[in-house]
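Visitor: Sequence:
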Amino acid sequence: MAAHDAAGGLIAGAGPWSERVLPRVVDLVLSERVTRPWRERACADAVGTVLEIGFGSGLNLPHYRAGVERVLAAEPSDRAWEIAGERIAEFGRPVERVSPDAARIPLPDGSVDTVVSTWSLCTVPDVRAALAEARRVLRPGGALHFVEHSRAPEKGVRRVQDAIQPVWGPVAGGCHVTRDVPGLVRAAGFEVVTDEAYLTRFPPARPWAWFVVGTGRVGTGRPTG
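My numbering puts the first residue of the sequence shown at 1, with every later residue one more than the last.
It cannot be assumed that every hint is accurate.
Unchecked claim - Here are the in silico distance ranges between beta carbons for each label pair: (1) Glu69 / Pro140: 13 to 21 Å; (2) Gly85 / Arg217: 29 to 37 Å; (3) Val47 / Arg104: 35 to 43 Å; (4) Val167 / Glu191: 20 to 28 Å; (5) Arg159 / Ser111: 39 to 47 Å.
No wet-lab data here; the hints were simulated from the structure. For every residue, glycine included, the Cβ atom is placed at its ideal position computed from N, Cα and C.
Start from the sequences, fold in the hints, and give me the full structure.
Guide: Rendered as structure tokens:
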């Protein structure tokens with residue numbers, strides 16, 4: 001549910017809602033206590049240089065452990081970056097905004113130890129290009145840790161997701177609750193070593209928000225999509 005721009009990074013559509021209001025709404029909704037265990041899981045094993053897809057307002061920063069040396073942010077929203085200022089100052093380690101576009105990361109091949117995405121792969125317009133970039137910049141053996149909305153395996157939930165997507169997407173900055181995120185990660189050439197799915201009990205999001213928590217590692221796999 002991150003806010004990303006139509007240039008291929010994260011926010012579909014420009015205007016006052018997506019540029020000024022939505023970043024604050026996302027900050028408030030995704031800073032709720034119920035999201036913190038999900039963030040903790042996504043960030044717990046991050047090490048070294050971390051690239052965050054959809055950095056947003058920096059809500060993951062308090063969850064990174066001592067092994068993280070610096071965080072590189074792919075974040076299109078100037079407003080979200082402004083909101084993140086206090087959290088960046090409190091983090092006490094380098095945080096740099098390297099790109100507004102998750103599909104075009106200006107980093108060398110194999111230069112990142114960890115990629116983290118929380119509620120962003122469901123929003124990136126060109127998710128395949130973003131995942132290809134994540135795989136490219138990760139070192140051999142590096143990991144992508146994600147928490148995302150995803151298409152549910154349960155038929156009843158899928159029907160609700162399909163019905164609500166035309167309304168949900170524009171309101172939520174281009175978020176797709178109908179994407180098979182683990183499948184997309186595998187298609188990008190990652191070996192998915194963890195893939196757990198939950199129907200969230202987060203009241204504003206039920207019943208369509210199926211969450212997946214996963215880890216994909218860079219191995220010998222080749223992209224298939």
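Visitor: Has the hinted range 13 to 21 Å been met by the Cβ atoms of glutamate 69 and proline 140?
Guide: Given range 13 to 21 Å: holds, Cβ gap about 19 Å.
Visitor: Assuming the hint says 20 to 28 Å, is it satisfied by the Cβ distance from valine 167 to glutamate 191 or not?
Guide: Violated, since valine 167 and glutamate 191 (Cβ atoms, about 36 Å apart) do not stay within the stated range.
Visitor: That 39 to 47 Å hint for arginine 159 and serine 111 (C-beta), does it hold up?
Guide: 43 Å Cβ-Cβ, so the 39 to 47 Å window holds.
Visitor: Return holds or violated for the Cβ distance of valine 47 and arginine 104 against the range 35 to 43 Å.
Guide: violated, 25 Å
Visitor: Look at the Cβ atoms of glycine 85 and arginine 217 and judge whether their distance stays inside 29 to 37 Å.
Guide: About 33 Å separates the Cβ atoms of glycine 85 and arginine 217, which means 29 to 37 Å holds.
In this structure, the earlier hints numbered 3, 4 are contradicted, and the remaining ones agree with it.
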